[in-house]
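With chain Y's structure known, arrange chains C and U on it following the hints.
Protein chains in written order, with numbering that gives the first Met the number 0: chain Y, 0 to 551; chain C, 0 to 394; chain U, 0 to 173.
Any given hint could turn out to be false.
Unchecked claim - Calculated lysine-lysine pairs in the BS3-like style (CA-CA distance at most 30 Å, straight line):
| id | chain 1 | residue 1 | chain 2 | residue 2 |
| --- | --- | --- | --- | --- |
| 1 | U | 106 | Y | 348 |
| 2 | Y | 64 | U | 2 |
| 3 | Y | 205 | Y | 151 |
| 4 | Y | 108 | C | 335 |
| 5 | C | 170 | Y | 64 |
| 6 | Y | 151 | C | 356 |
| 7 | C | 203 | Y | 272 |
| 8 | Y | 261 | U | 2 |
| 9 | U | 161 | Y | 313 |
| 10 | Y | 261 | Y | 303 |
| 11 | Y | 313 | Y | 261 |
| 12 | Y | 405 | U | 161 |
| 13 | Y | 272 | Y | 357 |
| 14 | U | 147 | U | 161 |
| 15 | Y | 374 | Y | 417 |
| 16 | C | 288 | Y | 108 |
| 17 | Y | 303 | U | 106 |
| 18 | Y | 517 | C | 288 |
| 19 | C | 356 | Y | 510 |
| 20 | C | 228 | Y | 516 |
| 21 | C | 233 | C | 209 |
| 22 | C | 362 | Y | 516 |
| 23 | U | 153 | Y | 313 |
| 24 | Y | 264 | Y | 303 |
| 25 | Y | 313 | U | 152 |
| 26 | C | 288 | C | 167 |
| 27 | Y | 249 | U | 153 |
| 28 | Y | 405 | U | 111 |
| 29 | U | 172 | U | 150 |
| 30 | Y | 271 | C | 203 |
| 31 | U | 74 | Y | 374 |
| 32 | Y | 313 | U | 150 |
| 33 | U | 153 | U | 106 |
| 34 | U | 2 | Y | 23 |
| 35 | C | 356 | U | 2 |
| 36 | C | 170 | Y | 205 |
| 37 | Y | 264 | U | 153 |
| 38 | Y | 374 | U | 111 |
| 39 | U | 2 | Y | 313 |
Calculated directly from the structure, the hints in this document are not laboratory data.
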Amino acid sequence: MEQVKCECGHVNPHGTVFCESCGKPLEEQGEKSLLDMRYEGSARRSQTYKRTIVDQIWAFFSSVKVGVALIVITLIASVIGTIFPQEMYIPPNVNPADYYEEQYGWAGKLYYELGFNNLYGSWWYILLIALIGVSLVICSLDRVVPLYRALKRQGVKRHPHFLERQRLFGVSRISDMDQAVALLKERLAKQRYRVREEDGHLLAEKGRFSRWGPYVNHVGLIIFLIGAMLRSVPGMYIDEVMWVREGETKEIPGTNGQYFLKSEKFIFDTYKKGEDNEVFNAAIDRVGDGMIAENYQTNVVLYKRVGPTVAGAKPELEKVKEYPIRVNEPLKFDHYALYQVDFRLNEPKTMSFQLTDKQSGKTLGTVAIDLYDPKETYNLGNGYRVELLSYFPDFEFDEDGNPSTKSRVPNNPAFVFKMYAPDRPEGEVSFVAIQQTLEPFGDNKYKMAFAELETRNVSGLTVRRDFTLWILGVGGAIFMFGLVQGMYWNHRRIWVQRVNGELWIAAHTNKNWFGLKKELHRLLDGTGLTMPADRLEERKQAGQGGQAHGTA
Amino acid sequence: MVQLSSTLLYISFVLYLIGTFLFGGAIRDKRKEQQGKDRWSQFGIAVTIIGFLAQVGYFVTRWIAAGHAPVSNLFEFTTFFGMMLVGAFIIVYFIYRLSVLGLFALPIALLIIAYASMFPREISPLIPALQSDWLHIHVTTAAAGEAILAISFVAGLIYLIRVVDQSKPSKRTFWLEVVMFGLVTTLGFVIVSTAFGLSGYEAKFTWIDKNNQSSEVEYHMPALVGPHKGELAKESAGRLDPLVEMPAIINAKKLNTVIWSLMAGAVLYIALRLVLRKRIAAALQPLAKNVNLDLADEIGYRAVAIGFPVFTLGALIFAMIWAQIAWTRFWGWDPKEVWALITWLFYAAFLHLRLSKGWHGEKSAWLAVIGFAIIMFNLVAVNLVIAGLHSYAGT
Amino acid sequence: MKKQQRLVMRTVILLLLLAALGYTIYANFFTEKTAVAVGSTAPDFVLSDLEGREHRLSDYRGKGVFLNFWGTWCKPCEREMPYMNELYPIYQKQGVEILAVNVGEPKLNVEKFAERFGLTFPIVIDRQDQVLNAYGVGPLPTTFLIDKNGKVKKIITGTMTKEDIKQHLESIKP
Chain Y
0 MEQVKCECGH
10 VNPHGTVFCE
20 SCGKPLEEQG
30 EKSLLDMRYE
40 GSARRSQTYK
50 RTIVDQIWAF
60 FSSVKVGVAL
70 IVITLIASVI
80 GTIFPQEMYI
90 PPNVNPADYY
100 EEQYGWAGKL
110 YYELGFNNLY
120 GSWWYILLIA
130 LIGVSLVICS
140 LDRVVPLYRA
150 LKRQGVKRHP
160 HFLERQRLFG
170 VSRISDMDQA
180 VALLKERLAK
190 QRYRVREEDG
200 HLLAEKGRFS
210 RWGPYVNHVG
220 LIIFLIGAML
230 RSVPGMYIDE
240 VMWVREGETK
250 EIPGTNGQYF
260 LKSEKFIFDT
270 YKKGEDNEVF
280 NAAIDRVGDG
290 MIAENYQTNV
300 VLYKRVGPTV
310 AGAKPELEKV
320 KEYPIRVNEP
330 LKFDHYALYQ
340 VDFRLNEPKT
350 MSFQLTDKQS
360 GKTLGTVAID
370 LYDPKETYNL
380 GNGYRVELLS
390 YFPDFEFDED
400 GNPSTKSRVP
410 NNPAFVFKMY
420 APDRPEGEVS
430 FVAIQQTLEP
440 FGDNKYKMAF
450 AELETRNVSG
460 LTVRRDFTLW
470 ILGVGGAIFM
480 FGLVQGMYWN
490 HRRIWVQRVN
500 GELWIAAHTN
510 KNWFGLKKEL
520 HRLLDGTGLT
530 MPADRLEERK
540 QAGQGGQAHG
550 TA
Chain C
0 MVQLSSTLLY
10 ISFVLYLIGT
20 FLFGGAIRDK
30 RKEQQGKDRW
40 SQFGIAVTII
50 GFLAQVGYFV
60 TRWIAAGHAP
70 VSNLFEFTTF
80 FGMMLVGAFI
90 IVYFIYRLSV
100 LGLFALPIAL
110 LIIAYASMFP
120 REISPLIPAL
130 QSDWLHIHVT
140 TAAAGEAILA
150 ISFVAGLIYL
160 IRVVDQSKPS
170 KRTFWLEVVM
180 FGLVTTLGFV
190 IVSTAFGLSG
200 YEAKFTWIDK
210 NNQSSEVEYH
220 MPALVGPHKG
230 ELAKESAGRL
240 DPLVEMPAII
250 NAKKLNTVIW
260 SLMAGAVLYI
270 ALRLVLRKRI
280 AAALQPLAKN
290 VNLDLADEIG
300 YRAVAIGFPV
310 FTLGALIFAM
320 IWAQIAWTRF
330 WGWDPKEVWA
340 LITWLFYAAF
350 LHLRLSKGWH
360 GEKSAWLAVI
370 GFAIIMFNLV
380 AVNLVIAGLH
390 SYAGT
Chain U
0 MKKQQRLVMR
10 TVILLLLLAA
20 LGYTIYANFF
30 TEKTAVAVGS
40 TAPDFVLSDL
50 EGREHRLSDY
60 RGKGVFLNFW
70 GTWCKPCERE
80 MPYMNELYPI
90 YQKQGVEILA
100 VNVGEPKLNV
110 EKFAERFGLT
120 FPIVIDRQDQ
130 VLNAYGVGPL
140 PTTFLIDKNG
150 KVKKIITGTM
160 TKEDIKQHLE
170 SIKP
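Isolated chain Y (complex conformation) (with noise of 0.2 Å):
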């Protein structure tokens, strides 16, 4: 049960194929059937023992079956999270229940219903890509370790069913084996193979690195899971979003209040005829003129905070660096990076108006409103006074039907003056929006007239740190480095042996059967031996034998 011993006196771990040294075929798999050579015909531990749950565990996540079919049902699941946009991309501030209904019917209502609206980030989607990480290390530990050792105690000397039971295999007989076999280990050694001689037969060997390919590239496979999976630990991943307006300076979040930004100007340009390459005119004549967006960036100014670090006190600060940052060009430093995403165009900044005499149109002075810190009272002197009894930056009327405010932001701002003159000493009341006024206790005679309107732009910019980039870098270099070994390197092994007054040779390869044949091809021309004939090739052919076939 433990070990097999081979004629050769080779002790081999039960459950092998054939020996690891002298290739004898210990299981007899048929008469003359060609050797199966994958993982050298070693004993894969998992399909030994089978005992005990762990060792059942081990088994099935062994199995290139499971591994192939987790793989494909992920792929079925990443189709299905394609069939309708994830939550991700579906407009913000609507509930997802209702958008997918309304967006594509009861298909959408079901496919809310059944969670693939958020299908990548769903337990059984991060389980499956967890389980195929599973499979990768236990598949790789399985086969490597006895491959290993198949590889490195193989032997030159070949038992002879094992060679005739090679794919290619050929059989001479020549006058002057010792020069034939010499000359060929010269050649071999020309086409850089590693040949190793005893009693006279040749084993040589090339890109038996290539073998490892798999390995190293599962190794980076799973480097680059544990860096996807380290992101849920706390503190190495920020994401954050900033609105930042030209002119404002703002703690940078995430930062811990380490780092302030201040916009000095966002831009936004397109392209227009005339201006650019004249190539583009046909492009911008379909879409239309200054309509193709050519460039957005926002010049900022990056500062770092010196001294104690409390929220909310004013933070004394230290300029960094300018920079302007551009989509394509995020602003980098401290491990951070800030990235131009979105923008917005002409956001109200001061309000302007002109208190008026209604009747001759004379203008009695001007207030300017600063829409983030409105003042309560504005001279405008000689017994001329506008009071802000009310100011709604976002201004919409409730549920109630009263004037009130959206958000903080001045995107719609709105005001109750009380206007005193000394012609009006108890003062007017009047309600002014854009574009809008009300005098709710009746007619007025001075009014408020919109005089004009200061804006800036606001870019929106995100601010992220991910201390998992590197792992992930190294994961997926060492899965690419992996990946070119196995795939454009291949494993290529001739045997040349001396049996019974006849040279034997025997050759094998992991990949690209065609490109050994020509090597085998120019290794023995002009040596007057038999060119190893490929008998997968002949057996198929003495299998279609009765089929009809043209005149060949």
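Using the frame of chain Y, we list chains C and U on its own:
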């Protein structure tokens, strides 16, 4: 410069067409006599290489004219994909010297380039998100990877045409005909688009979109299906009134194009069947008669083995690096990203099935066909149907 | 011997994988991603009230603090303000302070609001969103209950009834 560029593309198209016939000649020739120099193939590959160089010329001149690599819209990307496909074929040809590969690869490249030409061809300026060197790096590598993977489809197709028993109808003959129908429909799309384009057909509709806004849409094919509450504009009086009206969430114009293409495809397909009096695959079978199946299988596998790492690098790794720079995150489950992942998972499964489960030969060929279908879906449907961040790659 | 070792190895590897899997699921679905966690020390801040007096959170050590973030446009905030105002004098005597942090609105509006409801507890304005960031406040109103040691005892998002407020104030009495 722009004019020169278009001319070069046109020349390359014609040359690929000639190349196809030369490779066809090579097959006929080979059937007659095995021995002797194969002149047809030599001419074929020479013409193909000249065509390829012409297309490289198109690419370079257009790059110079625009100031950025011409891979920024659907026409440019798809054309480039066709060019890479021819490039990949040339390399594979010099490894394996298989003429029949040219006979199938070139028409597919032709179809792809013709399909690309149906989209707006003007040079468009780059929107801010695209203004990066990663545009060239990511898109070209991804296209190269997909093109190499497409070679496995060509090899698989040849394998299937040769091996599927056409003497009686079966599931295999059915699905092979589905593939043929897909190719014919692409041709149908090209024909109807060109025909209506040449005739200058135009029909303007005003319609109500899903946000209840009134919009305008211009059809370039007679409207079989019309937009939501669509009404023909005055200047289009006399144009065909839609037979069916679509709800607002469906893009009726695109659906209309799809229906026309399918109809044209069906007409073409039926005509071909009537002329040939057998399945298209059956008619093609003699062309693949002398193909060494093991070689076809090996080419298919080799293409995946070479293409998979290139695809991974271009469509996933470079894509992630760029996404991190331009969109603040390396991965955001955008439909195009997901479909790149799906493609990748599919070929990963392909390789595992082949390596561990021994799925060689016909099974492997069918998988290669499915893989190509996924790539095409990502190229066509995800750009045109499933709108996402990448949708600016469309029209 | 060897078989025993193999079993141990496999068990260890499987447990490691299980732990990684469990942690990922746990971290993604069973933890709240808040800037300030319950049980941690409430971040210190200094803000000025409507009269210009500075309030520093750490000066309230030894007292419970009912820290309420609000805005004048937020209806639920408006509803709970009178309750807080009513309970404030009672609990102030018992060592619980109410501190209302306005989310950076114009002083004028905050003053008018305070006048309208006759609010007596200190109202501070977070002009630059610094405190908002430090506490990671999303929707309004959000209330942090801070005990006499400066630790966050509870975070309440959304509107509260008078009874709720009373219980909360009760719970942070020193």
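We went through each hint and held it up to the structure:
1. U/106 to Y/348: holds (16 Å)
2. Y/64 to U/2: Cα-Cα ~26 Å, so holds.
3. Y/205 to Y/151: It holds: about 14 Å lies between the C-alpha atoms, which stays within 30 Å.
4. Y/108 to C/335: This hinted pair holds, its Cα atoms lying about 24 Å apart.
5. C/170 to Y/64: holds (25 Å)
6. Y/151 to C/356: Status holds; Cα separation ~25 Å.
7. C/203 to Y/272: The given pair, whose Cα atoms are some 26 Å apart, holds under the 30 Å limit.
8. Y/261 to U/2: Given that 30 Å is the threshold and the Cα spacing comes to 66 Å, the pair is violated.
9. U/161 to Y/313: Violated, at roughly 35 Å.
10. Y/261 to Y/303: Given that 30 Å is the threshold and the Cα spacing comes to 11 Å, the pair holds.
11. Y/313 to Y/261: The hint holds at about 15 Å.
12. Y/405 to U/161: Since the Cα atoms of residue 405 of chain Y and residue 161 of chain U sit roughly 25 Å apart, the hinted pair holds (cutoff 30 Å).
13. Y/272 to Y/357: violated (46 Å)
14. U/147 to U/161: With a Cα-Cα distance of about 22 Å, the restraint between residue 147 of chain U and residue 161 of chain U holds, given a limit of 30 Å.
15. Y/374 to Y/417: holds (13 Å)
16. C/288 to Y/108: violated (53 Å)
17. Y/303 to U/106: Cα-Cα ~28 Å, so holds.
18. Y/517 to C/288: holds (24 Å)
19. C/356 to Y/510: holds (15 Å)
20. C/228 to Y/516: violated (67 Å)
21. C/233 to C/209: holds (23 Å)
22. C/362 to Y/516: holds (24 Å)
23. U/153 to Y/313: holds (28 Å)
24. Y/264 to Y/303: holds (20 Å)
25. Y/313 to U/152: holds (28 Å)
26. C/288 to C/167: holds (18 Å)
27. Y/249 to U/153: Status holds; Cα separation ~29 Å.
28. Y/405 to U/111: holds (17 Å)
29. U/172 to U/150: holds (13 Å)
30. Y/271 to C/203: holds (27 Å)
31. U/74 to Y/374: Since the Cα atoms of residue 74 of chain U and residue 374 of chain Y sit roughly 25 Å apart, the hinted pair holds (cutoff 30 Å).
32. Y/313 to U/150: holds (25 Å)
33. U/153 to U/106: holds (29 Å)
34. U/2 to Y/23: Status holds; Cα separation ~26 Å.
35. C/356 to U/2: holds (29 Å)
36. C/170 to Y/205: violated (44 Å)
37. Y/264 to U/153: violated (41 Å)
38. Y/374 to U/111: holds (12 Å)
39. U/2 to Y/313: This hinted pair is violated, its Cα atoms lying about 68 Å apart.
Taken one by one, the earlier hints fail for this structure at numbers 8, 9, 13, 16, 20, 36, 37 and 39, listed in ascending order.
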